[in-house]
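Note that the working numbering has the sequence shown beginning at 1094, numbered continuously upward.
Calculated lysine-lysine pairs in the DSS-like style (CA-CA distance at most 27 Å, straight line):
hint, residue 1, residue 2
1, K1407, K1195
2, K1290, K1535
3, K1535, K1502
4, K1144, K1234
5, K1195, K1152
6, K1542, K1476
7, K1368, K1545
8, K1366, K1476
9, K1545, K1560
10, K1403, K1243
11, K1243, K1144
12, K1560, K1476
13, K1535, K1509
14, K1453, K1402
15, K1185, K1195
16, K1234, K1195
17, K1368, K1560
Rather than coming from a laboratory, the hints here were simulated on the basis of the structure.
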Amino acid sequence: MLNKMRRLLLYVVIFIASKSFSQNTLLPGYNEFIAGITQNNPLSKRAGNEKKYAELQLKAARGNYDPVLSGNYDQKQFNGTNYFTTLNSEIKQPIFTSQYLKLGYDYGIGPNLNPEFNTPTQGLPYVGVEVGVLQGLIIDKRRAEVLKSKEYINYFTAEQQIQLNNLLFESSQRYFEWLFSAKQIALNNYFMNAARKRLEGVEALANIGERATIDTVEAAIFYQTRLLDLQNAQMDNLKSTNDLTTFIWQDNTPSSLSINYQATDSLETYYNKAKAALAQNLNLLNTQNPILSKYNALQNALNVEVRLKKEMIKPVLNVKYNFLSNNASAINPVFSNNNYKWGLNMSFPLLLRNPRNEYKMAQVVSQNNNLELQNKTNELNFKVNALQQTISILAQQLLNAERSVSYGKQLLEAEKLKFDNGESSIFMINTRENKLLESELKLAEYKLKFIKTVLNIIYLNGNLNYKL
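With these hints in hand, go ahead and build the complete structure from the sequences.
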């Protein structure tokens, strides 16, 4: 009677554990899962904003070439006398570097106006050019911003790819760890049911005197052990489910933690798919990783900055030339070579301490980035070599693990046959089952390692081809 009560209590515990999740939902296959992460996860959307930011940055830099309209109006009245009235307006169009086209209108009258600002009654229209013939002739700040922004398009595109790569890699690992925990539950559940059936059989034989009563105690102990193993596997599955759930979003809403996701495919299915995908991804290991692309793009932008700082060492010499109208009409002006205004301005720091040191600083920053690029390239090469060696070792481990499972099954079947013939004991059967369960779990663990290694290869490729 006591044994029956214990068995009833154990069944209740199993039932409660199996219902520990409030809602069962089939989780889509891995490829659909990854597609959902890419589309719905907020980190994926944030990564998409990286390239948008770079495109806006380029548009802003190109906006520095927009024509600029400027104007100034001054008038002075004192004791009823108009001292002067002046108006200056100009449209200035940047061309390439430090070159501008100008179209303007000057107006100035008054008895107390400086004669140099006097104009005809209808004003003085003009067209002209302004050119920096030394500093800024080859490259200036405006041109440098455009060139750097173009490189930052590549930089932020690589950054977007890096963020997506990290997200998909992490979520993929959680997905297959969750599948592994489901495999653990399935294996422990199978051996728990086998132990339960054996306990029932031994009790039936003990009731008719074919088995010693102590055998039922031994069978019950092994059954309880199997039950505890199953419950531990369920706890592991709960943790892996929670880890997986953090990546699942739908309609800008995170997934509910109360959902118990059920797998549509098994770990073995994706192990076979990973083997098929291995060769293709190994061939891509020497292609450009987005981390390297990011450093290369930054290096190009820093090279532009070095060019700009070098240009800033030159003296500033700007030449201006305006063609002036030779008639009084501001609506239909007529320009002549005989009517002009020109000038130049020059500035040059005598010690050059600021531009020379800023140039050297830019060189140092560029050199540091190049050194980091070399280091990252070396790191990736070592990781590639390590993965190739890992794949080779894993292939041997999987082969040995599969053999261990096969041998374990043969030993268990032979032990069961001996038990039926009265030549073995419950202890020996459970020993064989323990070894087989260990072998099955170890094989599943190696399959998980193999899948994770393939994911690592895809991660190092950086092409976001997370499909199995």
